[in-house]
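Each protein sequence line maps, in turn, to chains A and B. Under this note's numbering, the residue at position 108 of the first sequence is numbered 108, and the numbers go up by one with no gaps. Under this note's numbering, the residue at position 40 of the second sequence is numbered 40, and the numbers go up by one with no gaps.
It should be emphasised that the hints constitute simulated quantities derived from the structure, not laboratory data. In this text, a Cβ means the ideal position worked out from N, Cα and C, and glycines have one as well. Please note that a few of the clues may not be correct.
[Said to hold, decoys possible] Some chain B residues judged to face chain A by a derived CB distance under 7 Å, without partners named: (1) Gln41; (2) Phe45; (3) Leu61; (4) Gly85; (5) Ala88; (6) Thr102; (7) Phe105; (8) Pro107; (9) Gly108.
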Amino acid sequence: KNEVEQSPQNLTAQEGEFITINCSYSVGISALHWLQQHPGGGIVSLFMLSSGKKKHGRLIATINIQEKHSSLHITASHPRDSAVYICAVGETSGSRLTFGEGTQLTVNP
Amino acid sequence: DTGVSQNPRHKITKRGQNVTFRCDPISEHNRLYWYRQTLGQGPEFLTYFQNEAQLEKSRLLSDRFSAERPKGSFSTLEIQRTEQGDSAMYLCASSNRGATDTQYFGPGTRLTVL
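Could you build the full structure based on these sequences and the hints that come with them?
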């Protein structure tokens, strides 16, 4: 079992839909990161959170430490949101990040 | 542009050859990370430096892999006697602190071993 599990692996939505991507982890963490990767490889950090909820524009990230679960929400999705979204955790024991396999999101116009 | 840069962006090599990649982090960042990503998978940790000290290495980093950060600024990752299984995207990231700080990623070097 991977230490970081994401669901779904693939998600197709229509423009305007509300989207949720889930992440569960099995290790103690110091922080959880949500990252966005566009075709060609570039990775951009969206959020880093260790408790509660953060919002940036149409993106919202939440984390429940007790349940070891985080969600990334996208409101009013747009085709430019199409990308791979990756959950990563920073373990309390060190500095490395452990990544989920990513969720491929496609938003159709 | 003061982001993380990596060179080369693409490298095609024949099995058995040695390759070296370079990463230039954001100048004030003291931590530098190397990750490897294969198609359809999330990145996997390889190693990281705090300044010039290599503090952690993954067991994925076989004896054929070596990384250096001699002056605590840029870093190089060398793969000796490349194998087809080494084909992947090699990503570099930098940060000011550890896993509780945002990591800024470079564009990656895509290695293809023929």
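Hint-by-hint comparison with the structure:
| no. | hint | verdict |
| --- | --- | --- |
| 1 | Gln41 | holds, 6 Å |
| 2 | Phe45 | holds, 4 Å |
| 3 | Leu61 | violated, 12 Å |
| 4 | Gly85 | violated, 18 Å |
| 5 | Ala88 | violated, 11 Å |
| 6 | Thr102 | holds, 5 Å |
| 7 | Phe105 | holds, 4 Å |
| 8 | Pro107 | holds, 5 Å |
| 9 | Gly108 | holds, 4 Å |
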